[in-house]
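**Student:** Sequence:
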Amino acid sequence: MRPLTLEMCAFGPFASTQVTDFTALGSNPLFLINGPTGAGKTSLLDAICFALYGKTTGDEREGSQMRCDLAPDSLLTEVTFSFALGDKQYRIRRVPEQQRAKKSGDGYTVQKPEAQLYYIDSDGTEHLLVASKVSEATAEIETLTGLDADQFRQVMVLPQGKFRELLMADSKDREKIFSQLFQTQIYRKIEDKLKFQASAIKAEVRDHRNKRDGMLANIGLGSDEQLAQELTELEPKLNDAAALKQQSQQALIEANKQFESAKLLNSDFAALDTLKQTAVLLDDKKPIITQQQAKLASGQQALQLKPVLDVSLARSAEVAQAQSACVNAQAAKAQSTQALAQSQAKVDALPEQEQKLQSAQNELQQLNQLLPQLQGLDALQHQVNQASVQLEQAKQKGINEKALLQALQAQKQQAELQLPQLELLAAEQVNAQQALSTQTDLIERYQLWQQASLDASRTEQALAEAKEKGGQLRNQFTEAQTQHRQLQLIWHRGQAASLALQLSPGSPCPVCGSGEHPHPAQSAETLPTEELLQQAQQTEELANEALNQARAEYSSLNTKYQEQLKRSAELLQKIGDASQQSLENLQSQLQLLQQQLKQANDAAKQLTQIRGQLQEWQTKERALQTQLETEREHFSEQQSKLAELQGQLKHALAAIPDQYRSVDALNGAITHVNAQIAALQSTINSTRQHHSQAAELDAANTSALTATEASLTQATAHSDAALTELTQQLLSAGFSDQQALTQALLSQDELKAITDEISHYQQACTANDTRLTALNEKLAEQVKPELAGLESKLNNIQSQQQAADNQWQTLQGRVTQLTQTQKLLKEADAKAKKLEDEYAVIGTLSDVANGQTGNKISLQRFVLSVLLDDVLLEASHRLQLMSKGRYRLQRKEERAKGNKASGLELEVEDAYTSKVRPVATLSGGESFMAALSMALGLSDVVQAYAGGIKLDTLFIDEGFGSLDQDSLDLAVRTLMDLQSSGRMIGVISHVSEMKEQIGTRIDINKTANGSEVSITLP
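With the first letter of the sequence shown counted as 1, position 140 gets the number 140 in my numbering; the numbers rise by one all the way through.
Treat the hints loosely; a few may be bogus.
[Unchecked claim] No farther apart than 20 Å at their CA atoms in a straight line, the calculated lysine to any residue pairs in the SDA-like style are these:
(1) Lys412 <-> Lys112
(2) Lys102 <-> Lys412
(3) Lys892 <-> Gln880
(4) Lys112 <-> Ala432
(5) Lys195 <-> Ala665
(6) Lys560 <-> Leu436
(7) Lys574 <-> Leu436
(8) Lys195 <-> Tyr839
(9) Lys211 <-> Lys831
(10) Lys560 <-> Leu463
[What the hints assert, rightly or not] Have a look at the derived ranges for each label pair, beta carbon to beta carbon:
(11) Lys884 <-> Glu838: 55 to 61 Å
(12) Ser736 <-> Gln342: 55 to 61 Å
(13) Gln728 <-> Gln342: 52 to 58 Å
(14) Ala803 <-> Asp284: 52 to 58 Å
(15) Gln483 <-> Ala803: 50 to 56 Å
(16) Asp207 <-> Asn795: 40 to 46 Å
(17) Ala270 <-> Ala803: 32 to 38 Å
(18) Arg458 <-> Gln587: 23 to 29 Å
Quick caveat, the hints were computed from the structure, so don't treat them as lab data.
By construction, the Cβ of each residue, glycine as well, lies at the ideal position given by its N, Cα and C atoms.
Kindly produce the complete structure, drawing on both the sequences and the hints.
**Tutor:** Okay, here's the thing in C-alpha cells:
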C-alpha cells in the first residue's frame, strides 16, 4: 500500500482542514515527519490508521476522542485518505462519533460514525463501494490490504512505544500475522480437511460396529460363535422336518385321489337319476308333438294353394280400385265444369280494369317529372343543415378552447403556490438520509447486542448444565474409585487363602516351607477375579476420563461465556441509552425516518416535475390563445355562408307543391302508383291465364271419366274368372271354403319352428335313451360312495400336512435369517477392515498435519516456520550491520511447555558471548534495531513470494533516540538502502541528526489556533 493524499478536518491538534500530498515527496521517498512535542506528528499516522480501520496507531484513543477542541462547531471531524494498491487507487472517508451543533435551534446533537469507500478508475471516475456503514468499510479494507488493524500496526507502522510488539509476539499471534501476509490459509484448510475426513472415517467405523451389534441383537444372539452353534443345531432338525413334510404331502396326494374318484362315481349316479327323469318328461310331451305334426301337414297343403288365392284377391282389389277411380273422375268432371263457368264471368269484366291501368300510368309520368326538381331542393336543404351544424361546432369549439385556457391558467397558478412548500421539504433530503443511516446503524448494533445477550444467556444455561453434569460425573468417579479400591483390598487379603487352596499333605508350604498344614488360611469373603479387577479399573479410568472431559468443556464454556459478556457490554456501551428502548420502538423510529426521507425524495421529484410542467403549460397557454383567435374568425365565416344558403332554399320551395317538398314523400307517392299499376296488370293477366287453364282442365276430366268407366268393366270380368278357379281348387284340396284355407296357411318361420321342434324332440329322445342305456351298464355292479367320511379323512391329513409344513417353515425361516445375518456380518467386517485401513492413512496424516505428533507443530505452522526463517535471514543481515556484527535473530525450535503453541518464537544470538538468549533480554535501543530489522526483512520476503501482500510503505514513530551515533548512522543508511529499492519510508523523530541527514520533510507547525502541515523538499 502506498499513501497518495491525506486530508484531516478538526482531527487531533489540527483545528482546520489540512491536506498532505505524499505524491509531492517523490516516487520512493525517505522522509522525516518533523515538529515539536505535541504538534501532531503521531496524529498524522493516527489519521491514516483511523481512516483505514477506525482505530489509532497506539490503540489508546478512540476515534470519538480525536476531535480538536480548537475547531469551530461548523467543521465536522473527518479524515479522507487516498492510497494505491499496486496499479489500483482507492479513497476512504471516515467520520467518528462526535457532538455537532444542531442545524436548527440551539444545542448539540450526536453525529453517528460513518464511512465511504470509493474505487478510482484511471480516468478519475469514482465508484462507490461502501455507502456509510463503518463495519462494511473496515471489512472491505481488510480484504483489500489483507491486514486487520493490529497486523497493520505491526508490519507497516512501528508506533510510538509499540515497536517491540512484533518482535515479542508469541507463536499464536505471529502465526495469525504471517498467515495473512503469506496467504497460507490453504494449509489450514488442508489440516481441517484431513481432520474432518479422519473424524468421518472414525465415526463410520463406530457406526459399522454398532450396526454389527444391532444385527446380532436382531436375531437374539450375542456373538458369532452363538450364531454358528445355533446353525449347527438347527441343521438336523431342519432335515427331519423336511422328511416329515415330504411324507405328509404324499399322504395328502393319495387321500385327494380317493376323494376325487368317489366324487366322480357319485356324479355318475346323480346323472342316471337325471336321465330317468328326462325320459318321463319326454313321454309326457309326445301328444303335443303329434298335434304339431298334423298342423304341419295342413299348413304344407295350404301353402300349395296360396298362389291361386293370391290371384283371386288381386283381381278383387283391381275391381275395387277401378270403382274408386271412376267415382273420383266423376267428381273431378263436376268441379272443372263449375270452375270454367266462374272464369268466364271474370273475363267479361276485364275492360273496366284496363281503363284504371291507363289512368295510373299517366299519374306516374307526372310524378317522375317532379323528382329532379325535388332532388336539387334536398341537396340545398342538406347544405343548409350542414352549415348550421358547422356553425354550432365552431361556436362550441371556441367555448371549449376558452375553458381549456382558463383551466390551464388555474393549474399553473395552483402549481406556483406549491413551489415554496416543496422546496422546503426537498431541502431536508440530505438530513433525512443522514438520520436514516444513523438509525440503521443503531438498529444493527441493537440487534447484535440482543443476539450477544441471548448467546450469553444460552451459554450461562449450558454452563449450569455442564456444572451439574460435572457433579454427577464426579460422584460416578468417586463411586468407581471406591469400588475399585475395595476390590483391590479384598484381593490382597485373600491371597493367603488362595495359596492355601493349592496346598496338599506332605508338600512344602510356599510361604513357610513346612510339610504339615494344621491351620490353612481361609477367606471370609469371595475373592474377586482378575477380570473383575480389570473391569473395575477400566470403569474408574473411564469415569476419570469423562470427568476430565467435562471439566475441559466447563472451562471452555466459561471462557466463551466471559467473552460473550464482554462482547455484550461493548455493544451495550455503543448503543448507549437506546438499550432502554424496545427494538419495535427503534424500528418505528426508523420507519418514521424512512417516511420522512421518502417525503423529501418525493418532494424533490415533484418539485422537478412541477417546474418542468410550468414550462410546458406556458407554451401550451400561448398556443391556446392563438387557436382561440383562429376559431373566432372561422365562426364569422360560417355565419355568412348559412345566410346565403337559406335564401337559395326559399326560392326553390316555391316551384314544388307542399305535399311533395320532400324526397321521401315524392318517392312514397311514386311507389304507391307503381304498386297500383302492378296490381292491375297482375289481375288482368291472372284472369286470362286462369280462364285458359279452366278450359283445358275440363276437357281433360271428360276424357279421364270415359277411360275409368272402360277399366271398371274389364276388371269386373277378370275378378269373376279368378274366383271361379279358386272355388274349384279348394274343393279338390279338401278345404270347405276360402276361410278354411286362410286359417290353415302358415308362414315360413312358423313352418320352420314346428319342423325344428319335432326334430329336436326326436333327437332328445334318441340321446336320452342312448345315455341311459350306457350308464345302466356302467353302474350295474357299482355302489354309491359315502363322501362325508372320505372328506373328514382328507381334512385330517391336510391338518397333519399343514402342521408339518409350518414346522419346516419356522425352522427354514430361522436358518435363512441366521445365514443372511452371517453373510451381512462378513460383509460388514470386510468394510470395517477397509475403513480401518483407510483411517490408518488418513488418521496418521491428520495427526501429523494438525500437530498431534512429535513437536506438536501443525502443517501451517511448519510452512510459516520456513517462511519465518527466510524473514529472519533477511532481518539478521540488517541487524548485524546495525549492531556491528553482534546480534543475529533465529527461530526457537524447542517445544513450548504444556499445550502452548510453539515453533514461531524468536531468540537472539549474541556473538560477544556466543550464547542464545530470548529477545526480551535486549535493551531498548537493541530492541528497536531488532524490530526495525524484523519489519524490513518481513517486507522483503513478503514481496518476494508470488501472491504475497505488497508492503511498500513503512512508518517508524520514535525509537531512534535510544541509539548511539554509530547505530543511528547505520539505521539511517539501512533506510536509505530501502529507499533505493522502491519503498516509501516515513520516520518520526526528535533526534536533530535525523533532521540533518534526511532533507525531505513533512513539517508539523504548532500554533495557538491549531497545528498546520507543510512539506519541505531538498
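**Student:** None of the hints should be skipped; say for each whether it holds.
**Tutor:** These are the hints, each one checked on the structure:
For the suggested pair Lys412 and Lys112, the alpha carbons sit about 43 Å apart, so the restraint of at most 20 Å is broken. Restraint check for Lys102 and Lys412: not satisfied, since their Cα atoms lie roughly 37 Å apart, outside the 20 Å limit. For the hint pairing Lys892 with Gln880, the CA-to-CA distance comes to about 19 Å; that is within 20 Å, so the pair holds. Taking the CA atoms of Lys112 and Ala432, the gap is near 13 Å; set against the 20 Å cutoff, the hint holds.
Distance check on the hinted pair: Lys195 and Ala665 sit about 113 Å apart at the alpha-carbon level, beyond 20 Å; violated. Distance check on the hinted pair: Lys560 and Leu436 sit about 35 Å apart at the alpha-carbon level, beyond 20 Å; violated. The hinted pair formed by Lys574 and Leu436 meets the criterion: a straight-line CA distance of about 18 Å does not exceed 20 Å. A C-alpha spacing of about 11 Å is found between Lys195 and Tyr839, which places the hinted pair at or below 20 Å, so the restraint holds.
For the proposed pair Lys211 and Lys831, the alpha carbon gap of about 12 Å is at most 20 Å, so the pair holds. For the given pair, Lys560 sits about 10 Å from Leu463 by alpha-carbon distance, which is consistent with the 20 Å threshold. Separation of Lys884 from Glu838 is about 58 Å and conforms to the stated range, judged on CB atoms against 55 to 61 Å. Under the hint 55 to 61 Å, the C-beta atoms of Ser736 and Gln342, about 59 Å apart, fit the expected range.
For Gln728 and Gln342, the Cβ-Cβ distance of about 56 Å falls inside the hinted range of 52 to 58 Å, so the restraint holds. The given range of 52 to 58 Å is respected by Ala803 and Asp284, whose C-beta atoms sit roughly 57 Å from each other. A beta carbon spacing of about 54 Å between Gln483 and Ala803 agrees with the range 50 to 56 Å that was offered as a hint. For the pair Asp207 and Asn795, the supplied restraint of 40 to 46 Å is violated, since their beta-carbon distance comes to about 53 Å.
A C-beta distance of roughly 35 Å is found between Ala270 and Ala803, which places it inside the suggested range of 32 to 38 Å. At roughly 24 Å, the beta carbons of Arg458 and Gln587 sit within the given window of 23 to 29 Å.
In the structure shown, a violation is registered for the earlier hints numbered 1, 2, 5, 6 and 16, in ascending order.
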